[in-house]
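All chains, full assembly: derive it from the sequences and hints.
For reference, the chains in residue letters:
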Amino acid sequence: MGTALAGTRVVVTGADAEPGRGLQEALREAGADVVGATDPSYETRGDAEVALAGAVERLAGHPLDAVVHSAMPAIAFEAVDFADVDDERWEAVWEGVMRSTLFVLQAAYGQLKERGGAILLITPTVAMSGAARLVPYTTAVEGQRLLAKSAARQWGPDGIRINCLAPAPEHFPIGVDSMTVSLAPPALGGPGDVVRDLGPVAAWLVSDAAHFVTGVTVCADGGVWMAP
Amino acid sequence: MSKRADARLGGRTVVVTGAGQGVGEGIARACAAEGANVVIAARRAETGDPVAAAIRDDGGEAVCIVTDVTRRDAMAACVDETVRRYGALEIMVHNAYRGASPHRLEDVDLELWERNSRTAVWGSYYSAVLAYPHLEVAGSRGRLILVTSPSGVEGSVNIPIYSPVKAAQRAMTKSLSREWGPKGITVNCIAPVAASPSLVDAFRQNPVLEERVASRTSLRRIGDPERDIGSVAVFLASDDGGYVTGQTLVCDGGSFMGL
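Going down the list, the sequences are from chains A and B. Okay, so the first sequence: first residue is 1 according to my numbering, each after it adds one. Okay, so the second sequence: first residue is 1 according to my numbering, each after it adds one.
Okay, the calculated bits of chain A under chain B, using three or more residues with CB under 8 Å as the criterion:
1) 79 to 91
2) 98 to 108
3) 129 to 142
4) 149 to 159
Note that these hints are calculated values from the structure, not bench results. Owing to the predicted nature of the structure, the values given are computational and were not obtained by experimental measurement. All C-beta atoms in this analysis are idealised placements derived from N, C-alpha and C, irrespective of residue type, glycine included.
Encoded structure:
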């Protein structure tokens, strides 16, 4: 077990599914005290506050240092012709993802504002490249990514950093591979392994070693998406 | 404005939401000047009717259809009325937006979120999904143009919630361009900095801001809604822009250059 994150207390949302599960494992291997949030649907700010408070309780009451937000409702991953996207689906994916992310960020702010800390969102590269039949999902993920940038700008003075980690599309159940994102094959051979390849990047982003890095999106996709 | 034989949008029909003022009005006027039938989809007749009348006075073709972009039935009625009147809808421009006022992200409540989300994102969704059957018929003349903002790329320290709703439009543009490309339809965003009433108002409240915004532009001036932004919309709407899709054209006088 590593020690880079020794004494660092992290809560991971969406830890019951990949890539949240693997990231939780990697952070633990790096020495962090990690708990997976018992995810509610985050329909209200109160839901998110209760979820993070519950995590703090499980950390024996010690304050949090970082929040990794990886939770995503299953409906978001469904590929649908845009012409068939009805109000109910748009509500569930766009509104659902954005509200829950806003509430998790606000709850994280409440936990971190006294001592500073780090927030990490998981935003796959496919949202930046776009993909047919995934309009609701890619729209919501880009919304998340810009929520992170705005938060980074406002909460920097509070010592809170917010970044995004962008894995390859293969890590999500959306039926999209890296060759959809770019014609070039992954420079490093493939989409990588969540624990071994993405984990160290996540660990770095929440660690003090990244103390001067905020508002950025780090693509850890094996060298596919290289914009800008 | 006379009917020119070389008018770039002659015979085509465009709906512009939020066209009762500012950038929307500029886009509507520029499209009309190139021969398009223009529907001024405005929330209030008090702003939409005068714009349509001014275009007609100049020899163009325009009508105001009062439309609330946040409601599916209202957008559907606008699209139906447009096609009933002009026989087709080739170009849908969603520009309407309401909700920007300075705030702290930790204080954002559902009311503020909804105001932003409904006009920018639900409005984009309704514009796109309801125009689609007609854009499909238009084929390679079909256009969807969403008006976004450089803030949708950079994030915002003053109006943080504005950035995600503007980013959402950019993402829709990319995915829809891939999905609809095989039909010939193009989908793009315009990210303007222009002297819209809301920006002029912000300058009035904060005189330092105007100098700051202008001095950040390479061209040292704030864009004119019709001349500087409308012309870009015309390019994208016309055959000239037919090979440009999935893009955000930043029209800000050379300020943001991060793409």
